[in-house]
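Relying on the hints, combine the two individually framed chains into one complex.
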Amino acid sequence: MRFAIKQVGVGSERLGHLTEFVRSPNCAIETPTAALMTQGGSVVHLTAEVLAKVFTNPQLLLMPLSNTIKFEQGIKAQGEGIAKFAGLPQHIVCSTVNNINENTPLGHFEMDKVPVWSNNGKKMITADRYMDLMELFKPDIVLAIADGRVSLSEGHKRITKSVDRTCNMLNTCVNRFKESTHLQKSSLIGVVVGAGNPRKCEACIKQVLQHKDVISGIAISGLTDGTEDSYNVPMEKLEEIFQRVSDAIPKDFLRIVEGSWNPAVIVAAIQAGFDIFDGSYPLKLTNAGLALALKFDVNKKSEELCIMDMSDIRYKESFEPILAGCECLTCKKYTRAYVRHLLNTREMLASVLLNIHNLHHFDQLFYHARMHITATTYRVFKEHITKQYEIYRNNQENIPKETEGVQENDTPIKKIKVREDSDVNKINNSSSYS
Amino acid sequence: MTPKVVALSFTVGAECKTSRARAGIMKLPHYEVKTPVFMPVGTQGTMKGLLPEQLESLDCEIILGNTYHLGNRPGTVILKKAGGLHKFMGWNRALLTDSGGFQMVSLLKLAEITEEGVKFRSPYDDSEIMLTPEKSIEIQNCIGADIIMQLDDVVQTTFQDYNRIKEATERTSRWLDRCLRAHNSPNEQSIFPIVQGLLNDKLREQSAKDHLTKDVNGFAIGGLSGGEAKDDFWPMVSLSTGILDRNRPRYLMGVGVAIDLVVCVALGVDMFDCVFPTRTARFGCALINSGQMNLKHKKYETDLQPIDKDCSCSTCKNYTRAYLHCIVTVETVACHLISVHNIAYQMNLMKTMRKNIEEGTFPQFVQGFINEAFPNGHIPSWVVNSLSSVGINLEKS
Ligand SMILES: [Zn+2]
Ligand SMILES: [Zn+2]
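Chains as they are written, first to last, in the working numbering: chain H, 14 to 447; chain D, 11 to 407.
What the hints contain is simulated information worked out from the structure, not anything from laboratory work. Warning: the hint list may mix true and false statements.
[Stated by the list, open to error] Residues from chain D that face chain H, not an exhaustive set, calculated with beta carbons under 7 Å:
| no. | residue |
| --- | --- |
| 1 | 16 |
| 2 | 54 |
| 3 | 98 |
| 4 | 308 |
| 5 | 312 |
| 6 | 321 |
| 7 | 346 |
| 8 | 347 |
Note that the coordinates shown come from a computational prediction; the quantities given were computed from them, not determined experimentally. Quick reminder that beta carbons are idealized off the backbone N, C-alpha and C, glycines included.
Chain D on its own, in the form it takes in the complex (with noise of 0.2 Å):
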């Protein structure tokens, strides 16, 4: 008898009294993950010039792959052969995989969804593809990332027609029964819903609802942070959580950028991915408290700080501002210092979050970051609303 084995195991260790925020510890095959969590993108097996190792001593313990760019380079063929993707890039840690789809509807014009799958042209030689939910997992399944996703039905979050948005919504929990079906490693691998409805709160809860009664071990909650209004964002997160159980880890997609972190952590939220750090990297743009710091001006030209003298990265403690000002949008180089910083500023805010969710001191760290972000006591509505909604009520400063 082989002994019985999870693919996900979530415990939550603190809860915050006010907020509905947690940490816990989320078990997965080749790593226990710490929420709440940060995972940055890594989209064709590799972070932006980071080595793995440079990434495990940056504290991640969770990246993410891209199913439609791994499917097509290197394919499946070798990644079987290499025994996987962790094995492929020389990462010992957790990975989690998109379906695929939301990659497909984005980068390609003519992508066309029916009930049986996305249809979409070839980039390459024009030939029609569809990508099914059984076909997206089966992809998911040679990479072999520790957690993966449903194939939903992406449709633009500020699209308006209700009948497309319930026919999404709706199709979308019909391909969870086929990808959970056609799904070949459950003991290695989880599979999570990807809760959907768009700015429908009716439709959410439905969707919500329905993927509760499924034998999952966490959820993700998508179709959001298309460019719809954040007084429109943060209601259906909340909607989302409040259904969601508290055992299973909620993963919020495409939601990176500091505030949202902050104010969707007090939602309820465990697990968070963007682009958004490191393709701001590229850009010379660091992460700070207050913001982002573009290292292109040139009044850092003479600045022999480092971008924030209370972060412990290999980039603040061996570089200046100045020098980094010279070689940004050069040398890659520069792009790898700032990717580490940025990489870096989001694993501490994570940490930080966490530790005072454990030390019973949430709602006074929140009200602490928002005063950094918003020196001049401006905060945004949507910001003041949300966290009130859950019981932080700031103070202006």
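This is chain H alone, in the form it adopts within the complex (with noise of 0.2 Å):
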């Protein structure tokens, strides 16, 4: 895979593109990009004949080994990588250690190891083990193995621990990586974390930057450890760690944020000069029945919130497509009526309707970013989108604890009343014989 950047922008903004990747040679990510979010390797409720209804180019896949792991035996016995064995082999492939949002027990540590906790429970895995099933996986992006699922609240202790066992493990990760064969066409990308405590920070980037000769990029994390409350951190400072990391590794790296960001993050990421983002925001919505609605027209003021909740009652005889104007296959055919039904009876199809929306409309976030880049205009888009966010923000904070979709894993279907929807139940009212 090769980085190369474009344009930079009247910040630190900058267009790049990834290209020349072993399986579509052909291909060409635009960035800032956003990295799909994968569940045991395929895009979370979509097959690959859905996938391929939402997306008509490759895609950039983020696959966690934690729930890939149990894949070993099958990728080592076809033996051509991980993307072929989830049935996606066209698409381009970031293979990271979690999936920083998944629900797991916290605080379970040893030295130079990182616990995987997968269906079957918790598994050690240590630089080496990462290293051998890298090598059987074949992703086109592998992002070091790291200690990073750590909230920027943490204490010294634990950073300190974060950063250490992070660089000691990257050590073996780059050795291993140039003695690699099966990794030559591949790209290494170094973790920083310590983003809690400037100084560990620091010493964490430079220790990473020590192999600048092997590795194509930085991703940061150690910014939250996925609960929701690590994820309230102040916009100020958390624009101050993407524009100090930024600044202190070279120019041409490629960077990625690692983390469910919400909007207002990403277009500041991006201002700082990151490139690609974890994708598993939209997943987090869709999950919560919840739409993202933002206004890409910088010169369009909008009455409605950014996100919207599908299952309230108001949207029960709204036969109108989830977002006017989107170009998405569920706006193009489906109505807010039709999804809100699906989301309150429970139907598999809610999600798959919601994640094709979401996805889409996440991915045109970019398209939009990218656009005003060129444009030199990034800044009033970022200003756009960051208000909506804070609208919808202030909004959820003003209204009871219930209703706040997102900060539950839960989806809000079952507070639904579906009592006075029911005909069946109105039967008696009326006369039996007509």
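As structure tokens, then:
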């Protein structure tokens, strides 16, 4: 894989592209962009057939080891890597150790090992074992194994451990990567942790950059431990971290952000020069029955919130698309009322339709960001998106807790009262014979 | 003058010279359906996470919706405003709805049946509710399916009390008249009467003969596939198809396992529905000619073949058994993938039967299918007997 910067904006924001992929040599992925979050090797809720209806081009996919480690025997037998095994051979795979948002117990640590929670329980993974698996999986991009599931508010001791462990394991990853024949065409990404402590973070970057001739970029982790609380960080603090890390690393390095960050954080990180984002945010919305509805036109103000709760009673008889003008398969053919009905009845198609919309719309966020970088109007776009998210956030704070769909792992569906919808129940109110 | 609209026209294109199997075309307002046909069940206006466009590419021509569920949610008010279920769910091909009665009796313990209708307690607020034949048709008129079912008096198939069975059979005929009177869109929707009588041949014969006199476009055979012995099941199917006339389609309710489909097509059935193919997919079971493949089994961990190398579905083209093994019962995608294959399996089986009927090779097809399904030669006696009753005499492989 090759990363090249095409244009740098007024701030640190930049346009780039990824090319020269082994399995898709003609594919180019424009940055800034998001990698679609997968689970068990598939884009969540979407089969290869449906994914092809959403995106016609090869996509960048984030594949955490935690939910793909079970493929080991199968991939070994097939010998063609994880993309082929998961039925998505033409797509570009970026492997990482964990999906930061997976709900896993915290606080299980051993030196030089990272816990990976799979369906079969906890496995302690060393850097050597990780690289063994990477040689089998043959991803296009390998994020080095790291102890990155650490929130910014962690204490000194935990952050120190996280940095030490991550840097030690990186040494092993780098050595193994250099010797590997299977990963010659892949790219290794060093992981920067310790952001909660500026001095530790600086030390981490220094150690990561010792390998700057081998690695192709850095991923910033250690901003969140995946819990909802740890995502509640003041924007200024995140902006400061993004800028500080960005300034400390070579310009031609690919920069990745891990974690399920909201659109306001994403547009801030883009401004600081980050290129690739963890695409789990739209999935998080989908799983909560929510639809992303940002307005991208900077000249238009909108009264509507940028996140819609599709199970809301107000959409009961709304025979319009989720978002007027949206070009996704869901909005072109299905109505809010139908999506609400599917959520209400807990049908699987609800997640399929919502995810199609959310993935498409999230992709559009990056498309518009790139357009504004090209036009040197990125700052305006960033403010436009930030404001919409702030309005939503303030609105959420002003309503009772139970409607905060995103804050819960479970979907808000159960709160819907179905009684009022029932016709069969009204039967006895009228005379039985007509 | 508006041109005369026919809600259903059925043409038998080919008949098996040996058995009662026939292939035909059933023209419905939304689609021309090739029979014999299997109709997957999409209970609440959706099919197990599949998009309608996926069902189309699987060659599904007609699917089933459940009136009881749809009447509850989204409810007739919304369905009416949406312009019917077709528009609401984005499905442009044919639909069939059941009457809601079976669901009530099977789902709700407190259902009580009187001459007026089915009385039950609301699972939501415990109030007493009555589903009458008129109400069932009213809801089905709102849903707007191409084929709708009469409300029938449902008795469990294995029930023994003759008087109750007789009452149910006769009441079903009376309720048919009420349904036909209440029907407000006979040019767009066809009501199918349901042949009842459980396992009693006299009552079943009477029921079929009663229905034959009615101005209807097709018939359903009900009251079977409810846990009765196969030796009791097939003679009732045979009795029913033997009485119903050849110019109207015959729909056997709740049957969808491959061997049953093959036997019942030979007995002259044109339409089937069953939740089995999609329900079994949820548990990681894929349908193949030799039965079911449980993909959870450890032996598939490194099996790099598709579920079925001869299947052209998108699952078999893209995915290995090894991959499916890893994700079944864990990821929703696995359920979608196996549902796609299982529906493709059903559609393929029906298509193969149609082709063999048209080409005059149906008996040979049946022999080949049986050989594959029972490779050790232990063919169940009911299969041997039912097929020989229509002239297909199986040879031991
Ligand atoms: Zn959309
Ligand atoms: Zn298949």
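Quiz item: Which hints from the list above does the structure break, by number from lowest to highest?
Solution: Of the numbered hints, 1, 4, 6 do not hold.
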